[in-house]
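The whole structure should be built from the sequences, with the hints applied where relevant.
Using my numbering, read the sequence shown as starting at 9 and increasing by one per residue.
Simulated from the structure, these hints should not be mistaken for lab results.
There's no promise every hint is true.
To be verified - In silico BS3-like cross-links for lysine-lysine, where the CA-CA straight-line distance does not exceed 30 angstroms:
| id | residue 1 | residue 2 |
| --- | --- | --- |
| 1 | Lys61 | Lys51 |
| 2 | Lys81 | Lys117 |
| 3 | Lys117 | Lys15 |
| 4 | Lys60 | Lys32 |
| 5 | Lys184 | Lys142 |
What the hints assert, rightly or not - Pairwise CB distance ranges (calculated):
| id | residue 1 | residue 2 | range |
| --- | --- | --- | --- |
| 6 | Ala165 | Gln47 | 35 to 41 angstroms |
| 7 | Asn64 | Glu112 | 27 to 33 angstroms |
| 8 | Arg84 | Lys51 | 19 to 25 angstroms |
| 9 | Gln19 | Ser116 | 17 to 23 angstroms |
| 10 | Arg143 | Ser48 | 43 to 49 angstroms |
Please read these numbers as outputs of a predicted model, since none were measured by experiment.
Backbone N, C-alpha and C fix where the C-beta goes; we use that ideal spot for every residue, glycine too.
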Amino acid sequence: MASFFRKRIAQKVIPFLLKNESNKFSAISAVSSAVKISQSRGKHPQLLLPWKKITNLSSERDFKELNPSLLVKLLRNQGLPTAEGFIDITLCEASLNLLFTVDEHVFSKIVLRDICTNDDLAKSSCLFENISPKRILVDCCCPSVGEPLHMAHFRSAIYSNFISNINKFAGHEVMKVAHFGDW
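Take a look at the structure:
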């Protein structure tokens, strides 16, 4: 989901690592796949780029010899933090990870936009890979004809809509049936 930020980080880092520009696109994909989301419980989301992964990639590719603190300094001079949502870049001295801090609002907005525009998300997700499509009938309860409308009716409508949306997302054919009254 954070592929936007992974690619941006790789695009920022690669110019300092490559000796020649001939294999720039393959290097960008290799570095972007090395970027992971940090599991720390800070205020802002952080993406980390392990320096060990970069040194492993440098043996396979034509990378310059560069130390991580110099790379952080070069990235800051290049204009990081940016308007793309990056707030800060730091170097974790103990693990030699480059930590890219992202604004939480920009991160949420971009990740949610990615989820909403990606129709094939369920097909590519490991959660839904072993589920065969089915025909599902969802009963949407409505109030009886003579009964006043109250909050429990809204709750039933929300539940049935949620169940049908989840099943549609999983690739099932969903039919909603609404019956009015209890006769």
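Structure-based check of all given hints:
no.: 1; hint: Lys61 - Lys51; verdict: holds, 26 angstroms
no.: 2; hint: Lys81 - Lys117; verdict: holds, 28 angstroms
no.: 3; hint: Lys117 - Lys15; verdict: holds, 17 angstroms
no.: 4; hint: Lys60 - Lys32; verdict: holds, 20 angstroms
no.: 5; hint: Lys184 - Lys142; verdict: holds, 14 angstroms
no.: 6; hint: Ala165 - Gln47: 35 to 41 angstroms; verdict: holds, 37 angstroms
no.: 7; hint: Asn64 - Glu112: 27 to 33 angstroms; verdict: holds, 31 angstroms
no.: 8; hint: Arg84 - Lys51: 19 to 25 angstroms; verdict: holds, 21 angstroms
no.: 9; hint: Gln19 - Ser116: 17 to 23 angstroms; verdict: holds, 22 angstroms
no.: 10; hint: Arg143 - Ser48: 43 to 49 angstroms; verdict: holds, 45 angstroms
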